[in-house]
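Colleague: One-letter residues, chain by chain:
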Amino acid sequence: MKAIFEGAVPITLTIKVNGTERTLRVPPLRRLLDVLREDLALTGTKEGCGEGECGACTVLVDGESQLSCLVPACQAQGADIVTVESTTLTSIQDAFLAEGGAQCGICTPGMIVTTRAWLDECERDGTSVTLEGAREALAGNLCRCTGYGKILAAVLHAAAQENAR
Amino acid sequence: MKVVSARTLDEALLALRDAGPDSRVLAGGTDLMVEMESGRTQPDFVVDVWKVDALRGIRATPLGIEIGALTTCAELERSAEASVHADILVEAARWVGAAQIKHRATVGGNLGTASPAADLNPALFALGARVKLVSLRGEREIAVEAFVKGYRTTDRALDELIASIVIPARSPHERRAFRKVGTRKAQSISKVVLAVCAEVEAGSIRSARAAAGSVADRTILLPTLSNAVAASAHGVRADRVGALSREVVRADARPRDDVRSSAEYRTFALERILARALLDFTRLP
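Heads up: the sequence lines are chains F and B, in that order. Following my numbering, the numbering of the first sequence begins with 1257 at its first residue and continues without gaps. Following my numbering, the numbering of the second sequence begins with -3 at its first residue and continues without gaps.
Extracted from the complex, chain F is given alone in its bound form (with noise of 0.2 Å):
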């Protein structure tokens, strides 16, 4: 067999990141967030606990939202990327900009992905937006100023500005 990583020797890793193609040498367990944060200087995707707990660090791996520091760099290979800097998010920004939903922000690009992540799933199987529904699609995102009124308002926001368009 061909064993594509001997070591920790680095890995190609060739990654479409907000739809630019990137190639780079990156040891293959590297957290796909470091990747992104130091590697690529994407700074806006956030560390918060580390441990796949709080949602913070939240990005699309191929339409799917993904805790970035959970996924290895190996696993990432060939996968398009979306981060909170990719303009295909401006919609959702401006209405938690609109909604004041943002405290101290670190939780802000995870929570603006999952909501991308679930507007899409609820375009694709059909279903309609609720309050219900936003709640359980955020689950995973922590905030810890708690300010979970205006986030929410802001995802409902967001709905109802792609579903005007």
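Calculated directly from the structure, the hints in this document are not laboratory data. Note that the coordinates shown come from a computational prediction; the quantities given were computed from them, not determined experimentally. Among the hints, erroneous ones may be present.
Stated by the list, open to error - A few chain B residues facing chain F, derived, Cβ under 10 Å:
no.	residue
1	Lys(-2)
2	Val(-1)
3	Gly24
4	Gly25
5	Val162
6	Glu243
Said to hold, decoys possible - Simulated coverage check for chain F against chain B, where a stretch passes if three residues somewhere in it have a Cβ under 8 Å from a Cβ of chain B:
no.	stretch
7	1283 to 1293
8	1322 to 1332
9	1390 to 1396
Glycine included, every Cβ here is placed at the ideal spot set by N, Cα and C.
Chain F is already provided as a structure; the job is to place chain B on it using the hints.
Modeller: Structure of chain B alone, referenced to chain F:
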């Protein structure tokens, strides 16, 4: 450290042939990535199987269903086959965590990690599931309760890979329940988790098979329940459920105090959720 990212089952098994005691299989990473990042686990060899498509998918078989080891909790939730034959496993997957975790956490990973607090494993135990293991030496199948041998310890040989989980077809009169008790209603690691399958006729429980998590060093079956039900000539009716649940928990559970709960609370909670689940069975039409 050496890392192999296998793209096919053959590549994974060839890599595992050389695996030593400090090797780890990496699937969705919800446990291992945290363990490695914290330094609690420092493997010298990691076999990443995430891209091995042969380990994915849920398929119906003449005897029930076969669930690929890499099937995620999100995939379980969407599966029509699983919702019929493994409804309590789907229920466990639904409550295991948030969307981000469900997109990564796998059935094989839950079983292979063998955490006593695992949510999917009690459901697998109660369903009478069997685990299919493959290696270059061949294939074997073993009951899940025999596979889990202790605290985060399984019967998997170093060169073996969990290929799939086989779940028998649901029998027509079977009632099932899944209960999870955590700090919050959802999205928390279980203080107590319970899964029960029972045959019920006219308000009487004729046979039962139950398993619990977070009440011992590993997921456990509750054999005292199965034996007591089997020994009663006319089955177990509502009036016996409370006393029987106390007896079962006293005999089978070995809870301890830890960061998430106390032994006393776990005993109390397990008794209550078991009694309630059995009572509900006897009251169903």
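Colleague: So, for every hint listed, does it hold in this structure?
Modeller: Cross-check of the supplied hints:
1. Look at Lys(-2)/B: its Cβ gets to within about 6 Å of chain F, closer than 10 Å, so that hint holds up.
2. For Val(-1)/B, the shortest C-beta to C-beta distance to chain F is roughly 4 Å, which falls under 10 Å, so the interface hint holds.
3. For Gly24/B, the interface hint holds, the least distance from its beta-carbon to any beta-carbon of chain F being 8 Å, beneath 10 Å.
4. Annotation: interface hint on Gly25/B holds; nearest CB of chain F at approximately 5 Å, less than 10 Å.
5. A distance limit of 10 Å between C-beta atoms decides the matter here; for Val162/B the minimum to chain F is near 27 Å, and the interface restraint is violated.
6. Taken as an interface hint, Glu243/B does not check out: its beta carbon lies about 37 Å from the nearest beta carbon of chain F, beyond 10 Å.
7. A stretch counts as covered by a chain when three or more of its residues have a beta carbon under 8 Å from one of that chain; for the stretch 1283 to 1293 of chain F and chain B the count is 3, and the coverage holds.
8. For the stretch 1322 to 1332 of chain F, the stated coverage by chain B is satisfied: 8 residues place a CB nearer than 8 Å to a CB of that chain, which reaches the threshold of 3.
9. With 3 residues having a Cβ less than 8 Å from any Cβ of chain B, the stretch 1390 to 1396 of chain F passes the three-residue criterion, so the hint holds.
The earlier numbered hints that this structure contradicts are 5 and 6.
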